[in-house]
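Mind docking chain B on chain A? Use the hints.
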Amino acid sequence: MMSEKNSPILEVKGLKTHFFTKHGISKAVDGIDFTLQKGETLGIVGESGCGKSMTSLSILRLIPSPPGKIAGGQVLYKGKDLVTLPEDEMRKIRGNEISMIFQEPMTSLNPVIPVGEQIAEALRLHQSMRKKEAWNKAVEMLKLVGIPSPEKRAKQEPFQLSGGMRQRVMIAMALACTPEVLIADEPTTALDVTIQAQILELIKNLQKKIGMGVIMITHDLGVVSETCDTVAVMYAGNIIEHAPTEKIFTDPKHPYTQGLLNSLPKIHEDQEQLQTIEGSVPSPYNLPAGCRFASRCPYQKPLCHLQKPDLIEQNDGVKVRCWMYTAEWTNHVEKEGVVN
Amino acid sequence: MVIGTEKKVLLKVDHLKQYFPVKSDSIFKPKAFVKAVDDVSFHLYEGETLSIVGESGCGKSTTGRAILRLDEPTDGNVYYSGKDILSLNNKELRKLRGDLQVIFQDPFASLNPRQTVKQLLNEAMAIQNVVETPKRMERMLELLGYVGLPQEALDRYPHEFSGGQRQRIGIARALAVNPKLIICDEAVSALDVSIQAQILNLLKKLQNQFELTFLFISHDLSVVRHISDRVMVMYLGKIVEIADKKELFDSPLHPYTKALLSSIPVPDPVLKRERVILKGDVPSPIDPPSGCRFHTRCPFATEKCKLEEPALRELAVNHFVSCHFAEQLSQ
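Chains as they are written, first to last, in this note's numbering: chain A, 1 to 340; chain B, 1 to 331.
Read the hints as simulated data drawn from the structure, not as lab findings. Because the structure is a prediction, the values reported are computed rather than measured. We put the beta carbon where it would ideally sit given N, CA and C, even for glycine. Wrong hints could be hidden among the right ones.
Claimed, not checked - Facing chain A, a subset of chain B residues (Cβ under 7 Å, in silico):
| id | residue |
| --- | --- |
| 1 | 56 |
| 2 | 162 |
| 3 | 192 |
| 4 | 197 |
| 5 | 198 |
| 6 | 201 |
| 7 | 225 |
| 8 | 263 |
| 9 | 281 |
Chain A on its own, in the form it takes in the complex (with noise of 0.2 Å):
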């Protein structure tokens, strides 16, 4: 929507978050790409275990460490390399430029501290607000993510409210210091239905407003295609494929991509058997040399097994690791027609 102004405000470039632990190394991440625009809205989708939240909280220099170390590669903002800066520069840009919501908005929030306070700290400490000003925003904030009668909910404390409107205060916390990216990690997960729809209308009205870009870290395609731009597919710490929102549900380019579509339930239509991926994913700490997504994959070719693809943008701008869409596919498949 947003891309074609093409201001990139964060860069991420092949950045890698290793845990080294007593089983060995675990590659929660390993080598991401990817390019945030101004407004845009950046899904990262992926099964358990792929790396998306570590992505995340990667970017905001969030790994708990040790065991975890970012291993190599930078991420962007405004020139600055997040990865290198020192930690008290650091901190002036989390929660202020850079804003993140958690999944569970209990175990985020501080339980003994009344919400309109946890919002005015972020306002005192990174806006230099005094206390009453930082108070009044706090409530306006509240107010802002439609949080009723806000005065006396800013009084009190995270068990006094519901889920949603935990997850909203969150959300009034994240956006109080008007940021210039947000980052939601599975921010309707633990929510109802009907209240996850409220909270995703809630987000997209505020990206409107504040013009932030926003990268949705989520499991349920159906968020995804409800309120991204475009998609980043996540597979064993490696981007799979990133393409236009639209392009990923209609023309899905890669064999895993294709797989997860397929076996989704449809609300819409009647199936008497839902297709499946076969096989589990493997092992962070045992990484197979070639494509990760091999053993699963209903095309794979010895050559899969040897080399690692590396992700390409082809002809529609779709970029996806598979060698089907390389010429080596081709040539290797006549290469094998020779053998025979």
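Same frame as chain A, but now just chain B:
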């Protein structure tokens, strides 16, 4: 599904009520109750899949637990093949539980971590005494085959398996005692979509193979649409609508069902729908709204809805709805 002939009712739930007392701040205050399930009646035909859907706190899981008497219901009757489950003593109940099995959401919490798969399956068969001891090994291998696990699985512990495999173990254990009715309480909710598809296919296959009846409890409407024959929608401890799957998804009558259906995010960016976004949260079940419980969030609520509780009425064949204005709203 039975074709042509009259369908046999396997389970009948009659005015089931499940109230949980809550602590009040003063001993002089009247005791408060969470009315988790409040006067719910429905029946389940042999060989069908009936789904219960609703948001958290609507009473769907409590209904399932009350049927199995995992919690003692406050009031009402549950008949299984004509027998009143709630009047059985412990011994009779244990015997009956061979017919009624349950698969829970979290396969990690519902399998004993210190038992191997062999012990888990063996225990189930021993308690119900369905298979003679010498034949049990054979039966266990047969069960693993049904749910698609390798033979080596027998000597392994639950933590050695992935989520999908653990759910398969849970299913094998439920099948071990030759049940007739299986209550699946959010059985696929914790799984990733590709694994979820495997388990849903497995459940369907087993249903055909063993003529099982499923009571499928879920909050995920697309899963429900895939697996059910009939669907029941609950809101705050009450049934708001029951209908055949196709009827319910194509022409929902209750405003809540409509809102619920329209709030599901659909993985199809081309499809643009009219969306009903509900205002506010689900009210507390301790002090549910008067009259129709949905009136606080219903866009069509009138004075009548606040005062009078709507009854569950049959508006079309096998399509029950509890709304005063269902006829007008459907036009």
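Here's how the hints hold up against the structure:
| no. | hint | result |
| --- | --- | --- |
| 1 | 56 | holds (6 Å) |
| 2 | 162 | holds (6 Å) |
| 3 | 192 | holds (4 Å) |
| 4 | 197 | holds (4 Å) |
| 5 | 198 | holds (5 Å) |
| 6 | 201 | holds (6 Å) |
| 7 | 225 | holds (6 Å) |
| 8 | 263 | holds (4 Å) |
| 9 | 281 | holds (5 Å) |
Figure legend: structure checked against the earlier numbered hints; every hint is met.
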